[in-house]
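Got chain A; can you put chain B on it based on the hints?
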Amino acid sequence: MNKEHEIIRVENLVKKFGNFIANDNLNFSVYQGEIFGFLGANGAGKTTAMRILCGLSKPTSGIINVAGFDVYKETEKIKKNIGYMSQKFSLYENLTITENIRFYAGIYGMSKKQIKEKTEKVLKRLDFYDSKDKLISSLPLGWKQKLAFSIAIFHEPKIVFLDEPTGGVDPITRRQFWDMIYETANDGITVFVTTHYMDEAEYCDRVTIMVDGRIDALDTPENLKKKYKAENMDEVFVKLARGKQVHSK
Amino acid sequence: MLKINNISKSYNKVQALNNISFKVDKAELFGLIGPDGAGKTTLLRILTTLLLPDSGTATLNNHDVVKDYKKLRNIIGYMPGRFSLYQDLSVEENLKFFATVFGTTIEENYDLIKDIYSQIEPFKKRLAGKLSGGMKQKLALSCALIHKPKILVLDEPTTGVDAVSRKEFWEMLKNLKKNNITIIVSTPYMDEASLCDRVALMQNGEILSIDTPENIIAGFEKEILEIRSDNLYKLTQDLRKFENTDSVFPFGQSLHYTDKNKDFDLNSILQYLENKGHKNIIINHTKANIEDCFMRLMSSKENE
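Read top to bottom, the protein sequences are chains A and B. Going by my numbering, the first sequence opens with residue 1, and the numbers climb by one from there. Going by my numbering, the second sequence opens with residue 1001, and the numbers climb by one from there.
Pulled out of the complex, with its shape left as it was, chain A reads as follows (with noise of 0.2 Å):
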């Protein structure tokens, strides 16, 4: 992780919809090769910040800046440098590896010999070189996983978004998946993750636990859990949105 260089940056975003506010004031910096962790309940507003993030919706005020490119001017630049994730990924099941690999880097505009050598090299990495003319409806999901996550940083951009990338797999394929986002993070691009696993939220180099719609808790996981005075982060997570809950009642 390099920290002299900040990849995103938000100051004061916030996001209303009509009376209601998604987002309160958020003010963070994720840095280069950071593999970041967005936690928080259902309804927090973890999406709605993410989609701002992603250049996919507009931010009521505050200054967000995005791989070096502004949230209000320049989401075309910004969808151009970064990869996107869904735990529903979207992978074509009618189409092959190959196929997939090769529709998604031609939206990227990479030229033919661009995404030859780098498929080439994806399906030896992925172990996926014999089944590369496989329709995806015929692999398991943890393959799936796998390959959505390689396609998503297909084109290299600077920050990739993972949004509960690891729902439904089984522990092994779960950390399988898990080197992959420390080889890519190892290799300069910003991860920017959310998870349900609250094991998996260690595996970050820092944590942002949202709740009602603010960010209450941003520091390392061992910080945390000294702040908090937690085992886990499980406890740190429960304390917080917990202790919230009654607080609004």
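Calculated from the structure, these hints are not laboratory results. One thing to keep in mind: the hints can contain errors.
Okay, derived cross-link-like pairs now, SDA-like style, lysine to any residue, Cα gap no bigger than 25 Å in a straight line [said to hold, decoys possible]:
#1 A:K144 - B:V1014
#2 A:K144 - B:M1298
#3 B:K1287 - A:E231
#4 B:K1167 - A:D212
#5 A:K88 - B:V1014
#6 B:K1234 - A:L126
#7 B:K1279 - B:D1265
Interface residues of chain B toward chain A, partial, derived using beta-carbon atoms under 7 Å [as the list claims (entries may be wrong)]:
#8 P1035
#9 D1036
#10 D1211
Note that the Cβ used here is the ideal one computed from N, Cα and C, for glycine as well.
The following block gives chain B in isolation, referenced to the frame of chain A:
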């Protein structure tokens, strides 16, 4: 209460369940634990008479799931994985609908759902589609309970739900046990195993292990070391290359390590890591958890 004998089911070429047999006692809280594709939903659909097995039999309260399906539907409460209430009906209308279908009223069985339903009752005029995730879950559970079932079947009720709501949901289930209701619940979250009386660990249509969570953990035959250093990523890479390594898996900010040898020297591991340039190495003995067990069972299955 529940007896399953040699149940198999396949969809075209995919074997969803392969010769599954087990029993569940009355008022037991029984967990089916496994990833997507393990066969949990298929099994629960067979038990709730919604799907026919290819072979094998299952009975609940001595009623056969195929022959006596009409009787069974009266004594089963089922909460499917996908939210399946009427989004354009209000909270109260949904509950009333389910009560009426089963020939009862909300008042008659209010006691059973009181603890759960009272939390959403202030919003009873709200459309179900407009509820938050946690509230939907409480309504779905209330609807599954309104006819006072003898057996409650829950398909991944906590998937995609945040850690706080998950805890609350399990507390509700624990309270329900006091009413003598048998509960079968599936989940992909391994840490929820410890909240069940007994669990079946499932993978690829088979049961890897079935027992109390304590016994499954006690059955882990290897000694586990918890290892950490300043750089977890490099630590994982390096330990995988170590000659005596049996398995290495990240767990939060440390790794769980097992050694190939029964009598192994802690210092040799420390030495190896120091030589690789690791700083602040901490090695502790630790106990297995359900995930350790699941991964070990998975690996040994694959090596068969």
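Cross-check of the supplied hints:
no. : hint              : verdict
1   : A:K144 - B:V1014  : holds (17 Å)
2   : A:K144 - B:M1298  : holds (19 Å)
3   : B:K1287 - A:E231  : holds (15 Å)
4   : B:K1167 - A:D212  : holds (19 Å)
5   : A:K88 - B:V1014   : holds (22 Å)
6   : B:K1234 - A:L126  : holds (20 Å)
7   : B:K1279 - B:D1265 : holds (20 Å)
8   : P1035             : holds (4 Å)
9   : D1036             : holds (4 Å)
10  : D1211             : violated (18 Å)
Going down the numbered hints, you'll see the structure goes against just number 10.
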